[in-house]
Amino acid sequence: MKNVRFYLIFVVFAALILTGCTSPAPTSAPIATEAPAATAAPAATPESAPAAEGVTLRWRTRPDNQEEANVYQSISDNLNLDGVTLVYEPGGSETASYQDVLKTELASGTAPDVFWIPGTDVADFATRGLLYDLRSLADATAGYADSDFYPGPMFHLTFDPATSSAGPALWGLPRDVSTFALYLNLDLIAEAGADDPRELEANGEWTWEKFLEVAAAVNALGSDVRGYGGSAWWGPYGVWMNAAGGNFFNADRTACGLDTPEALAGLTFAQNLYTSGVAVPYGEDPEPPFRAGNVAMFQNGRWATPGIRTVEFDWDVVGLPTGPAGNPGNWLFWGAYVVNANTAHPEQAWQLVQALTTAQTQGQVAALGANIPSRVSQEALNAFLTFTPPANNQAFLDGLANSPTAEGPLWAGSWPEFVSVMDAAVSSLLSGQSSIDDFANTVCDEANKAF
Amino acid sequence: MTPRDTFRFSLQLLLLWHGILAAAAAIGAYLAATQAFDLPNWAHTLLAILLGLSMAASAGAAWWLWRRDRRGRNLSLILNYLLFVALLLLWFQSFNFYLGINSLANTFGRGVPFLLLLLIGYVVGAQADRFEQKPARARFFTRAGKYIALIGALFFLYAVGILAGLQSFLARFSSLQALALTLLLALLALMLWLAWRPGVAQALSARNSDEEMLYGLLFLSPNLLGFLLFFAGPLLLSLYTSFTDWDAFGTRNWIGLANYGEIFGLTFANLQSPTQLAREVIDITRFDELARLNLFGKHILVGAEDKLFWTALRNTLLFVLLAVPLSVVPALLLANTLNAKIRGMSLFRAIYFVPTIAAVVGVALIWRWLYNSTVGWINYIIAAIIGWINGLAGAELLSDPAIGWLSDTRVALLAVVIIASWQWLGFNTVLFLAGLQGIPKSLYEAATVDGAGSLAKFLRVTVPLLAPTTFFVLTTTTIQAMQLFDQVFVLTTPPGGPGTSTTTIVLYLYQSGFREFRQGYASAIAWVLFLLIFGLTLVQFQRQRAGADA
Amino acid sequence: MKNSLRWTNFLKNLSIYLILSLFALIMIFPFLVMFTTSLKSASDTFRFPPRLLPREALSMEVAGFAEPLPLYYVDVDGAEREYVLIEKNVRVGVYAPADDLAAEQVRELALVKPTGGESNPQSLLIAGKQEPLYDIEVAGQITPMIQVRRTALGRFADPENLDRTVLQNLRLSQPVDRLTAHPENYQDVISLHSMDRSLTNTALVTIIVVLGQLSTSILGGYAFARLRFPGRNQLFLIYLGTIMIPFVVLITPLYQLMVQIGWVDTLAALTLPWIFTAYGTFLMRQFFISIPLEIEEAAVLDGANRFQILRRIFLPASTPALATLATFTFLYAWNSFFWPLVVINTGNAESRVLTLALSVLGGRAADSPNLVLAGASIAILPPLFIYILGQRFFVESSTSSGVKG
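Protein chains in written order, with this note's numbering: chain R, 1 to 451; chain D, 1 to 550; chain B, 1 to 405.
Treat the hints as calculated values from the structure; they're not laboratory data. In this text, a Cβ means the ideal position worked out from N, Cα and C, and glycines have one as well. Be careful, since some hints might not be right.
[To be verified] Using C-beta positions, here's what the derived DEER-type ranges look like: (1) Ser164/R x Thr285/D: 19 to 29 Å; (2) Arg135/R x Ala56/D: 51 to 61 Å; (3) Glu297/B x Gln93/D: 37 to 47 Å; (4) Ile238/B x Leu257/D: 21 to 31 Å; (5) Leu257/D x Leu18/B: 51 to 61 Å; (6) Met345/D x Asp437/R: 56 to 66 Å; (7) Leu240/B x Ser174/D: 42 to 52 Å; (8) Leu240/B x Leu455/D: 32 to 42 Å; (9) Gln360/R x Ala33/D: 56 to 66 Å.
All chains should be built: construct the whole structure from the sequences, respecting the hints.
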């Protein structure tokens, strides 16, 4: 028995190995054949090109949920580019380190031809020579104009670090844009007897003071109820800085601007929200308590809409309150499709980038409710307004219209380095562990090393 | 032909083979040295060196075989074996075996139901042991089990696609390269067989020690070769990288110890007053303020070139200091309790082991949900307990702390400590239990006769005799704790947050290498971590030694 | 005397059991939460205070309403009743006489009239502020009162008699619910995130790594334990030393190696490098060394070769060590995360293992913990199941490492 068992295991295992050498299934063929070819160093591609009849382009973007991944897949399947086979690879999620994987692959030459990156990473990627400059291809394309897209993202996407000016380069085209709004729990606000923020906004009275009033009224309903919730990253606290007239950087984005009086005023307001207990504690994800019905105003981008749609209370959105500088200080978030500098087929890649950013494609993605088209077109915006709930979709478009600060990369320094210093300092400030004076005295000494 | 003639013939064949091999290797080495192949530079160099060595070895083998020296056989066997393995690996590659694991996974799921049949066969076969007195019945069960298992295996293989696999396997022989490789392999196998035969060994008057050495090398070879390829090689490359400024794209520029200098770069400055600003006393373009010390009324500011490394180091050491005792001391006590012979102990033991087998990623996702400060269970339970105590006392003795487990920079690390200790506790308990069961009962009985209480018995008998187990548990737990990564990566957003309160050394290494493209620096951090772990283990080892001697 | 001894023993045992049970609860509770949450619906997941078992709120068809109405427990004159919610956010005011603010009365805003009528509203000067007065009827008597504050309540009605209504705070009301289960969460996770493929991948990787590592470790361990060859001791010391090297040291160069041989994003990268470990070799060597030499010498005299000795004598004797190594390797292969994270593209479902799929799921379904925990269950339950089946084997064998190590 022992002998038989021994040989049986051995034979099964050997047979399994044999089975393993089955040719890969046809569906996975492009990936399986492309990967070794790409690793053989870029020089080897001419040799492998004749083998494939047409051109195979791999492209990737980071979907926030599975529905989005499916839409991108169907877009990839339905796009008709002459002689080009498209392979869509959904990237990881935010927490599964989309950029880390991408960078690793870029470093080893296995990255896709076209990929999406967040706006803040464009400078880092471009100055390292990882992105293909599409300018000459774009100039030769009839009907293409930079001005078809929002100017904020396009400033950075056309920035040429060599001449330090916008225009001469083209690193990619924005996939979509987004802004912050406040998601409202209308039941809580009514129970607190507070004014409806939407009415206040319509009357032009939606200011920091009113915001605090509403938040405090709701907060008084109980110890587990909070007036406001914002996530722990630079977006939410940056809004208060912007609304107070401050900014992360100085005017030409070459040095830290966190210790200006305006920026400090915004942070002081934010710190007060947290230390007074009106806000969900800094660092705690405010989405679960909001969806549990315990937070009145939840600050987040359009991307949170699909998740919020499942809640059982009455909800809507409203624009951000106006700060001392006279505007709500919103961000314009964006990410762009860019082309791998080492792609073997730049022309086709450029076609793909254009095809992925047409009004029609953007409409398909925006229909899910998580994105806003990045093209400046009234038609696209009108379509966006129909994607309800929330009823007040206009709040997002107002955010776009009220001259938001475009999130932007640092051409003169390292954004990841800057943001890690800033996040740590702000986090200790907002959780009440350091005072605003400590913050003002030290933050720029450290943050300026990023330049 | 007499046997003598056969051996002479074998030797002549081997001689011829090694002559040809040496010549071929020489030509190959020359071609590689002149970069004739379509390979990267480093591969050419490596190839040239390997072929050069093969040439020398082959020539040496030929020379010794000519002289009828037994070492010739050893060398010939080793060389041919290594060549065989190298070609086998290439052969696997050309038959798509490695990437085939993926296509196996495509169809593997289909065969799983038949694996059950295999299991049933095993169970049936095992029934034979119950009928030792009735050989006929036992034989029946054995045979039935065998056939059931065999049928299961066949069906399994068929479902997984053995036929398609065989087909493509055979189809690959049509390529000239595959065919040539196969023939070469067969030739090498023949040479190995020729040299291996006992008759040849006798003819060359090989000794027993030769045989033992060959067997030893043969047995060790799979492990050793894999170890060299996947471990030692990368290890040396990593050491080299740590002395360069490599950014993952460009060339590796040798910068000596600069990476290590940056990691350990510290500066100290005297402060006029405890609140004096850092920029007034240290060069803030190079250093960041790390800490302020108060040494007997003298205020000193410590600046670090890489503040985050020191933060990560502090977090890691703090984690080790908390998580190791928390997962070892309760484990020892629990094991001691479980060691008593009362009913249901095996059930408890089984339950305590459960967290050990759960995937860290899954566990971290569960705890992330439990830790949620507003809708999570942990704060809810704390609030309930406090409410109960207040209700008992009839007054507001305690207030609900509403701890921000993952949002408060002061407790986030503690949250990670709790998860890790929770997960390691059961494993350590089981290890201790095994150690306890190895302690002879007679020692306890002797202690009882001496009038020792249970505490005295625990301290005088259990603890000293458990020292080897304790050493093992402490060492493995410490090493594991020093390399904390998974829990933090999944649990905290952003990983290492809030702020930098849970950034560990490994996480920092990952961020420097794969997020900031500082591969050289990341390698240096990795080696610093190794030295730290090595040092800690050495200390524990010395202490155990000292304890054992005393 | 005997009785008291029995009592002390009983109390002692009881306290031991209590402590052990407490720890057992701590060990098991997270898994309980995982499993029950994975059966909840999305809205039930975010309920506070949290409840262990999945529940769904009951609703009732009521004539005159298109949608079924949710049922709540309401307080009617001190008794608890099950009423349906017919209107949300009914605006009400809280009113009180100016001279007795504690005597609060709750009235719907729409039903309250200002004192003196719309044409001639009366007001009272309180603390420098004009407070309008309203006519509030209490027990048949109308009193002018001021509005203390406003709020919104839910209007609940007796399903048998819709005219019988009660106003009550909706947020604090307890919905009527019953136990339920949503096993379709598992289906969603499997189909949307191809968890089944990840499960297969993980299983395959685990099988190959365990079998491969066992074979190389047995052979290597035997060579180190019993066969003399030049450089053996030095080599063994190097092996020992490398056990302490943290894996992260190797990440970058190993990744480069995978790139060079084209294994990035394949299961080969997850399996083959892990078949050869110093740790397994060390473990087996330690065990083999403890087997008496005499048995082996007898076999050598019988003319058995080394393979036969290893298979006939050493393997049968070393079941505990093999089981230990298999357990360790199984746990490692099943749970490894860092290396797959680096070498497998997280978006590639073809080569994704469970831990990776889980981490992606944790991000993509961050807003539905029920799905995330269903995914976690898929990753955790199979090894748990195997463990329960072979519990004795698992635990007892994994203990021998402590003794021999």
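Verification of the hints:
1. Ser164/R x Thr285/D: 19 to 29 Å: With a Cβ separation near 22 Å, Ser164/R and Thr285/D satisfy 19 to 29 Å, so the hint holds.
2. Arg135/R x Ala56/D: 51 to 61 Å: Since the Cβ atoms of Arg135/R and Ala56/D sit about 57 Å apart, the hinted range of 51 to 61 Å holds.
3. Glu297/B x Gln93/D: 37 to 47 Å: 43 Å, holds
4. Ile238/B x Leu257/D: 21 to 31 Å: The hinted range 21 to 31 Å holds for Ile238/B and Leu257/D, with Cβ atoms some 25 Å apart.
5. Leu257/D x Leu18/B: 51 to 61 Å: 58 Å, holds
6. Met345/D x Asp437/R: 56 to 66 Å: Because 60 Å falls inside the window, the suggested range holds.
7. Leu240/B x Ser174/D: 42 to 52 Å: 48 Å, holds
8. Leu240/B x Leu455/D: 32 to 42 Å: Given range 32 to 42 Å: holds, Cβ gap about 38 Å.
9. Gln360/R x Ala33/D: 56 to 66 Å: The hint (56 to 66 Å, Cβ to Cβ) holds, given that Gln360/R and Ala33/D are roughly 59 Å apart.
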